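There are 2 protein chains.
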Amino acid sequence: MALIVQKYGGSSVADAEKIKNVAQRIAQAKDKGDQVVVVVSAMGDTTDELIKLAYQVSKQPDNRELDVLLSTGEIVSSTLLTMALEAMGYEAISLSGAQAGIRTDAVYSQARIVEVDPERIIRELDKGNIVIVAGFQGVTEEMNITTLGRGGSDTTAVALAASLGAEICQIYTDVEGVYTADPRLVPEAQRLSEIGYEEMMELASYGARVMHPRAVELGELFNIPILVASSFTQSSGTLIYGGASMEVRNKVRGIAHDLNVAKIAVVGVPDRPGIAAAIFESLAKAGISVDTIVQNAGLGKITDLTFTVARSQLSKAIRLVRPIAESMGAKKCVSDSKLGTVSLIGPGMQNTPGYAARMFRVLSEKDINIQLITTSEIRITCIISGDRVKDAVRALHQAFELERGE
Amino acid sequence: MALIVQKYGGSSVADAEKIKNVAQRIAQAKDKGDQVVVVVSAMGDTTDELIKLAYQVSKQPDNRELDVLLSTGEIVSSTLLTMALEAMGYEAISLSGAQAGIRTDAVYSQARIVEVDPERIIRELDKGNIVIVAGFQGVTEEMNITTLGRGGSDTTAVALAASLGAEICQIYTDVEGVYTADPRLVPEAQRLSEIGYEEMMELASYGARVMHPRAVELGELFNIPILVASSFTQSSGTLIYGGASMEVRNKVRGIAHDLNVAKIAVVGVPDRPGIAAAIFESLAKAGISVDTIVQNAGLGKITDLTFTVARSQLSKAIRLVRPIAESMGAKKCVSDSKLGTVSLIGPGMQNTPGYAARMFRVLSEKDINIQLITTSEIRITCIISGDRVKDAVRALHQAFELERGE
Numbered sequence: 001m002a003l004i005v006q007k008y009g010g011s012s013v014a015d016a017e018k019i020k021n022v023a024q025r026i027a028q029a030k031d032k033g034d035q036v037v038v039v040v041s042a043m044g045d046t047t048d049e050l051i052k053l054a055y056q057v058s059k060q061p062d063n064r065e066l067d068v069l070l071s072t073g074e075i076v077s078s079t080l081l082t083m084a085l086e087a088m089g090y091e092a093i094s095l096s097g098a099q100a101g102i103r104t105d106a107v108y109s110q111a112r113i114v115e116v117d118p119e120r121i122i123r124e125l126d127k128g129n130i131v132i133v134a135g136f137q138g139v140t141e142e143m144n145i146t147t148l149g150r151g152g153s154d155t156t157a158v159a160l161a162a163s164l165g166a167e168i169c170q171i172y173t174d175v176e177g178v179y180t181a182d183p184r185l186v187p188e189a190q191r192l193s194e195i196g197y198e199e200m201m202e203l204a205s206y207g208a209r210v211m212h213p214r215a216v217e218l219g220e221l222f223n224i225p226i227l228v229a230s231s232f233t234q235s236s237g238t239l240i241y242g243g244a245s246m247e248v249r250n251k252v253r254g255i256a257h258d259l260n261v262a263k264i265a266v267v268g269v270p271d272r273p274g275i276a277a278a279i280f281e282s283l284a285k286a287g288i289s290v291d292t293i294v295q296n297a298g299l300g301k302i303t304d305l306t307f308t309v310a311r312s313q314l315s316k317a318i319r320l321v322r323p324i325a326e327s328m329g330a331k332k333c334v335s336d337s338k339l340g341t342v343s344l345i346g347p348g349m350q351n352t353p354g355y356a357a358r359m360f361r362v363l364s365e366k367d368i369n370i371q372l373i374t375t376s377e378i379r380i381t382c383i384i385s386g387d388r389v390k391d392a393v394r395a396l397h398q399a400f401e402l403e404r405g406e
Numbered sequence: 407m408a409l410i411v412q413k414y415g416g417s418s419v420a421d422a423e424k425i426k427n428v429a430q431r432i433a434q435a436k437d438k439g440d441q442v443v444v445v446v447s448a449m450g451d452t453t454d455e456l457i458k459l460a461y462q463v464s465k466q467p468d469n470r471e472l473d474v475l476l477s478t479g480e481i482v483s484s485t486l487l488t489m490a491l492e493a494m495g496y497e498a499i500s501l502s503g504a505q506a507g508i509r510t511d512a513v514y515s516q517a518r519i520v521e522v523d524p525e526r527i528i529r530e531l532d533k534g535n536i537v538i539v540a541g542f543q544g545v546t547e548e549m550n551i552t553t554l555g556r557g558g559s560d561t562t563a564v565a566l567a568a569s570l571g572a573e574i575c576q577i578y579t580d581v582e583g584v585y586t587a588d589p590r591l592v593p594e595a596q597r598l599s600e601i602g603y604e605e606m607m608e609l610a611s612y613g614a615r616v617m618h619p620r621a622v623e624l625g626e627l628f629n630i631p632i633l634v635a636s637s638f639t640q641s642s643g644t645l646i647y648g649g650a651s652m653e654v655r656n657k658v659r660g661i662a663h664d665l666n667v668a669k670i671a672v673v674g675v676p677d678r679p680g681i682a683a684a685i686f687e688s689l690a691k692a693g694i695s696v697d698t699i700v701q702n703a704g705l706g707k708i709t710d711l712t713f714t715v716a717r718s719q720l721s722k723a724i725r726l727v728r729p730i731a732e733s734m735g736a737k738k739c740v741s742d743s744k745l746g747t748v749s750l751i752g753p754g755m756q757n758t759p760g761y762a763a764r765m766f767r768v769l770s771e772k773d774i775n776i777q778l779i780t781t782s783e784i785r786i787t788c789i790i791s792g793d794r795v796k797d798a799v800r801a802l803h804q805a806f807e808l809e810r811g812e
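Residue numbers (this note's numbering), protein chains in the order written: chain X, 1 to 406; chain L, 407 to 812.
The following block holds chain X by itself, in its conformation from the complex (with noise of 0.2 angstroms):
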């Protein structure tokens, strides 16, 4: 008798008619004898519903009401599930991220779990009871709610399959599994079986939204088999683990591409010690992730500094960075709202400077050009004008013979 965690996202629990299909799943997997412990998010639109009430009665909600309030989405699925699975004749239990033992620090709105005591968990397994655990929130250690920000019920599942010794963790979404690209941009794309932790986190990090990085890394953390498939058919889905990448060595996996970039620069600089501190932390303050950051050796001592942000915080940040930029005596400010990054995944890329070569190449010969690039072990990223990503994704996914398959 093993232990599985499943996770389902909202699309798959939408309506009631959808909620009485993925317990028809989850009493699938029960029927084999396994233990089955069950993730699952707000139904549908349910948080933006509730965002949207919030907004109505105040124009900056706080963190803490909001994670109360929008935690009642993830609370109000896992009970009509339960519901679902004993008018089939199953014994089951809801269980909300407080009672499942979900701790976390107090950051509302983001919080990151600190342990998790699964105590309660076991009881009701040993009990017979399939477990249905509210996604996405926690408990501080004074008892007040939280929630655990962009991918947490991913996060919630991958943690409790930690913390349960689970065999796997099953993530079920409205995708077939990992692609070698978006297959809205490429229909040739092909599902992957099986990707290792590190180009799963890359492929996440920058693009592909079937999985958030955060729960890929906790499940690298841990080793925790994931597979993420959909729940509305029967497909094998994509299994992360730590053992593929030594099977596939240096090849490319998968391209991943972003159209969520915008880009800052500013432009002549006098090129002395804490110009990047100064505009770096107080993006941080406002809470704005910087992506990739180039400093340009200038001629003498003038220097250029750009970086990217996501293209929704781009005023915000413009705000920001104009006054320090003018106050260091900088040249100007320029932005480009405009942009996107295409990036290549693979195990060994940075060792094997072909595959770069090959990149810039094909881009070149598209006549795309090039405004950035980063790299990483396993990844090369070319940020780009935005409205060439398309071009970009499908050339590459071409020229690597992804379409090919595994």
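A few of these clues could be false.
[To be verified] Listing some non-contacts, in silico: residues in chain X with all C-beta distances to chain L over 12 angstroms:
#1 Gln28
#2 Gly33
#3 Glu86
#4 Ala277
#5 Arg361
[To be verified] Going by beta-carbon spacing under 8 angstroms, a handful of chain L positions derived as facing chain X:
#6 Ile457
#7 Ala460
#8 Ser464
#9 Asp468
#10 Glu471
#11 Val474
#12 Thr478
#13 Thr485
#14 Leu486
#15 Thr488
#16 Ser500
#17 Gln505
#18 Met549
#19 Ile574
[Claimed, not checked] Away from chain L, derived, C-beta distances all over 12 angstroms, residues of chain X:
#20 Ile4
#21 Met83
#22 Arg123
#23 Pro183
#24 Thr233
#25 Ser235
#26 Arg272
#27 Phe280
#28 Lys331
#29 Ser376
Hints in this document: simulated from the structure, not taken from any laboratory.
Every value quoted in this text rests on a predicted model; they were computed, and no experiment measured them.
Every residue, glycine too, gets a C-beta built ideally from N, C-alpha and C.
Following the hints, put chain L in place on chain X, whose structure we already have.
Frame of chain X; chain L shown alone:
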């Protein structure tokens, strides 16, 4: 500096605008320098909508899960009200029933409060916070969520007022207070400026929907003055407290009525022990409340057993009672679903025979047939045809000169 507890019902917080209006009223109380604890119900029809969802996934939703589901309604309204207060510059915090220390037994869907641990509320008040508590809910020793059943939020408010030693518990609702009769039936009905706990309990038990008798009972037990007033006007409402009875001794205070009444009569049953027990045990097991019970001493060894139930439970009750009646040799088992009650309520009623006689005369003059009569210390109730209830209430209101006010 006094401590007051306020409670706002679902119609008072039905949308964002109404929530902001309630926030204004709470702010006024806070501005007077008092410590304020607020209990809030779920927004408008939220509870009904959640119940509908539950029945979409299950024909018979489990009570434990239903309680968790329904408890989210009050959590949503409590966070929104807190946000609205914060937007006005007030310090406030929302607490769930569990966080507010409402401990209950484990009778899901109609849990009883076992104790209140007000430690967290006191801590938040000491920080200067207005504390907004989600009504209608509590938590068991096992940390399972419960709901308190009908009148739940009123009960939460009075229980908190008692445990915090509040000066007063203010129940804000969509009516202006307690009236001598339902103003929709009797336009001349007068608002009572005050009423005793006992009379209020009888009024509430026999049809006045303004407050649940259970919360009034708790108020009497801990001697908490309860003000019932409108959340939409500045009208002064009705004060329910211990002193009232003495001052207005021997006076009809109000007329309650109830149209949700059905009667079952088991006719011609052998008069031997055990018959009533068999019938009422069976009804109790099915969760059917029986109100009035009358056993008519018949001729010889034959008796008639008559009792009333809520109209909505009649068909279920009949299905249970008929086979028992038949097995005991009853002649027949008849029912009438179209009954109503009219009740005269005031202190010392039973000890002043004149009231009963006058009541019966008034009804007879209107040609209204009395089917059953029940009395208490402070109440006389007649069960009559449902379609004559309106006439009966009006005639009695006039005969006892209630339009004159106090």
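Hint-by-hint comparison with the structure:
1. Gln28: Nearest chain L Cβ is 18 angstroms from Gln28(X), so the label holds.
2. Gly33: 24 angstroms, holds
3. Glu86: 5 angstroms, violated
4. Ala277: 34 angstroms, holds
5. Arg361: 55 angstroms, holds
6. Ile457: Given a least distance of 11 angstroms, the restraint on Ile457(L) is violated.
7. Ala460: 6 angstroms, holds
8. Ser464: 4 angstroms, holds
9. Asp468: With Cβ-Cβ at 5 angstroms, under 8 angstroms, it holds.
10. Glu471: 4 angstroms, holds
11. Val474: 5 angstroms, holds
12. Thr478: Where the cut-off is 8 angstroms and the nearest Cβ of chain X is about 4 angstroms from Thr478(L), the hint holds.
13. Thr485: Holds, because the Cβ-Cβ distance from Thr485(L) to chain X comes to roughly 4 angstroms (cut-off 8 angstroms).
14. Leu486: 5 angstroms, holds
15. Thr488: Given a least distance of 5 angstroms, the restraint on Thr488(L) holds.
16. Ser500: Holds. Min distance 6 angstroms.
17. Gln505: Constraint on Gln505(L) satisfied, holds at 6 angstroms.
18. Met549: Result: holds, 6 angstroms to nearest chain X Cβ.
19. Ile574: 27 angstroms, violated
20. Ile4: The claim holds: Ile4(X) sits with its nearest Cβ about 22 angstroms from chain L, beyond 12 angstroms.
21. Met83: Non-interface label fails for Met83(X): nearest chain L Cβ at 4 angstroms, not farther than 12 angstroms.
22. Arg123: Given that some Cβ of chain L is not farther than 12 angstroms from that of Arg123(X), nearest at about 10 angstroms, it is violated.
23. Pro183: Nearest chain L Cβ is 32 angstroms from Pro183(X), so the label holds.
24. Thr233: The claim stands: Thr233(X) keeps its Cβ more than 12 angstroms from every Cβ of chain L (closest is about 22 angstroms).
25. Ser235: 25 angstroms, holds
26. Arg272: Arg272(X) clear of chain L: closest Cβ-Cβ about 43 angstroms, beyond 12 angstroms.
27. Phe280: Non-interface label on Phe280(X) holds, nearest chain L Cβ at 31 angstroms vs cutoff 12 angstroms.
28. Lys331: Lys331(X) clear of chain L: closest Cβ-Cβ about 42 angstroms, beyond 12 angstroms.
29. Ser376: 41 angstroms, holds
Hints 3, 6, 19, 21 and 22 from the earlier list are contradicted by this structure; the remaining hints agree with it.
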